[in-house]
Every structure is written in C-alpha cells, then in structure tokens.
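Q: Using the sequences and the hints, build the whole thing.
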Amino acid sequence: MVGFIIWVVGLVLTIKAALEIGRLYAPWEKKLLAIVLILLTSWIGLFFYYFYARDRIAGWLSE
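In my numbering, the protein residues as written are 1 to 63.
Since the hints were made in silico from the structure, they are not lab data. This one's a predicted model, so the numbers in the text were calculated from it and none came from an experiment. Check the hints yourself; a few may be wrong.
[Unchecked claim] Below are the SDA-like pairs computed for lysine to any residue, each with C-alpha atoms no more than 20 angstroms apart in a straight line:
#1 K30 x R54
#2 K16 x D55
#3 K30 x L61
#4 K31 x W7
#5 K31 x L61
#6 K30 x T14
#7 K16 x W43
#8 K30 x D55
#9 K30 x W7
#10 K30 x L46
#11 K30 x I5
#12 K16 x S42
#13 K31 x Y50
#14 K31 x R54
#15 K30 x T41
#16 K30 x L19
#17 K16 x L40
A: See below:
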C-alpha cells in the first residue's frame, strides 16, 4: 500500500513538472528533451527539477 502511494505521488509530480516545462517559452525540441529526461530519471529527475532547476530551466532552454 505504501509503495502504491509513493508511486502515485511520483506520477502526479512528474505530470506536474512536464506541464510546467511545456508551458515555457522555448523551442519545442528543448522542452521535449527536458521532459523526457525527467521521465527517464524518475525520482532523481524530480528532485533535481523541484529543488534546483525549477527557477533556472527557462533560462537554460531559451539559450
């Protein structure tokens, strides 16, 4: 039961992160790459996004 709850939380946070990245003004190729990286790296990607990259990713993708 606890594993299922952790999985659901991870799924919701991943979808939320992907939607936030999708709303950025950047080329679609870079947005897609960022979303795929978060999906492939699972919890490590989510921690990186929410604790470090969330405020910086718009600048990184627009370069």
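Q: Which earlier hints can't be squared with this structure?
A: Hints 4, 9, 11 contradicted; others consistent.
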